[in-house]
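A.B. asks: Assemble the complex: chain A is given as a structure, and chain B must be docked to it using the hints.
Chains as they are written, first to last, in our numbering: chain A, 5 to 135; chain B, 4 to 101.
Quick caveat, the hints were computed from the structure, so don't treat them as lab data. A quick note: this is a predicted structure, and the numbers were derived from the prediction, not measured. Just so it is clear, CB atoms sit at the ideal spot from N, CA and C, and this is done for glycine as well. Any given hint could turn out to be false.
What the hints assert, rightly or not - Simulated DEER-style distance windows between Cβ atoms: (1) Asn7/B to Thr48/A: 34 to 42 Å; (2) Thr76/B to Leu86/A: 46 to 54 Å; (3) Leu21/B to Glu37/A: 18 to 26 Å; (4) Ala60/B to Asn112/A: 24 to 32 Å; (5) Arg96/A to Val101/B: 42 to 50 Å; (6) Leu86/A to Leu13/B: 33 to 41 Å.
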Amino acid sequence: MVWYTAAIQLLRDSGLFRDVQIQGAKVRAMLDETRFLDIHFDPTTGSYSYALIDLSLPYPGDKHLFGWDDFPHPGNQSLHELASFPHHFQWRDADGNWLFIETSFCGNIEADIPTVLEYLRNFVTSDDPGW
Amino acid sequence: MSLNPYTQELLSRIRQLLPFSEDEIVQRGITETATARIVELRKRAAQLSAHYQSLEALEKQVKTTGVSPDDHTLYTDLLEWRAVRHELAQLIGFLEKV
Numbered sequence: 005m006v007w008y009t010a011a012i013q014l015l016r017d018s019g020l021f022r023d024v025q026i027q028g029a030k031v032r033a034m035l036d037e038t039r040f041l042d043i044h045f046d047p048t049t050g051s052y053s054y055a056l057i058d059l060s061l062p063y064p065g066d067k068h069l070f071g072w073d074d075f076p077h078p079g080n081q082s083l084h085e086l087a088s089f090p091h092h093f094q095w096r097d098a099d100g101n102w103l104f105i106e107t108s109f110c111g112n113i114e115a116d117i118p119t120v121l122e123y124l125r126n127f128v129t130s131d132d133p134g135w
Numbered sequence: 004m005s006l007n008p009y010t011q012e013l014l015s016r017i018r019q020l021l022p023f024s025e026d027e028i029v030q031r032g033i034t035e036t037a038t039a040r041i042v043e044l045r046k047r048a049a050q051l052s053a054h055y056q057s058l059e060a061l062e063k064q065v066k067t068t069g070v071s072p073d074d075h076t077l078y079t080d081l082l083e084w085r086a087v088r089h090e091l092a093q094l095i096g097f098l099e100k101v
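Bound conformation, chain A alone (with noise of 0.2 Å):
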């Protein structure tokens, strides 16, 4: 089964987006106007990216507001020395800096994209991520 198939049934199921779409080769589900989860994913590598993108934050780039990826970005120490390196997750803190923490994903998307249901409801419920 094509990889995108169980993850928009997921997404779906999980009540959060207005809609959930395939779009080229990324699924994209919109939580609402500017802010969606977008999520890429290489079924010949497992590698991935699941990000929250933001459209009306103020930051130059992707808009991407958190996320977990495999790509391993050079320069960033702390990153770098993380158990689960190059996997992690990424969020702002509140002067706009980025802070990594380790992940448990390893590129298995069906397994991964529960605990990111389950980080999204909690961000999307509470002003607290609880991170």
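C.D. replies: Chain B alone, transformed into the frame defined by chain A:
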């Protein structure tokens, strides 16, 4: 696979209008669904190609310049392009067998 009553009714009605068997209609539907997805994937591959020239060039760019935590676009485009290529190969292989 059992069809729901509405689909079964559509099949019956279309068979009154066209000289095809149910099998032929279903097989044509399968082929057209796969073809439509191939067109969509090729369109996305063309967009990426217009931007980066080739998947190999993008892979080289990611390796050479890295990807900033501020902007993952190079990496997410790379993942998407590989997924496009993989799915295209599977669909084309499927159609060749059909």
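A.B. asks: Starting from the range 24 to 32 Å, see whether the pair Ala60/B and Asn112/A falls in it by beta-carbon distance.
C.D. replies: Holds: the Cβ-Cβ distance is about 30 Å, inside 24 to 32 Å.
A.B. asks: Is 46 to 54 Å respected by the C-beta to C-beta distance linking Thr76/B and Leu86/A?
C.D. replies: violated, 23 Å
A.B. asks: If you check the beta carbons of Arg96/A and Val101/B, does the distance land in 42 to 50 Å?
C.D. replies: At roughly 49 Å between Cβ atoms, Val101/B and Arg96/A fall inside 42 to 50 Å, so the hint holds.
A.B. asks: So does Asn7/B sit 34 to 42 Å from Thr48/A, Cβ to Cβ?
C.D. replies: For Thr48/A against Asn7/B, whose Cβ atoms are near 36 Å apart, the range 34 to 42 Å holds.
A.B. asks: So does Leu21/B sit 18 to 26 Å from Glu37/A, Cβ to Cβ?
C.D. replies: With a Cβ separation near 44 Å, Leu21/B and Glu37/A fall outside 18 to 26 Å, so the hint is violated.
A.B. asks: Evaluate the given range 33 to 41 Å for the C-beta pair formed by Leu86/A and Leu13/B.
C.D. replies: At 55 Å between Cβs, range violated.
When each numbered hint is compared with the structure, violations occur for hints 2, 3 and 6.
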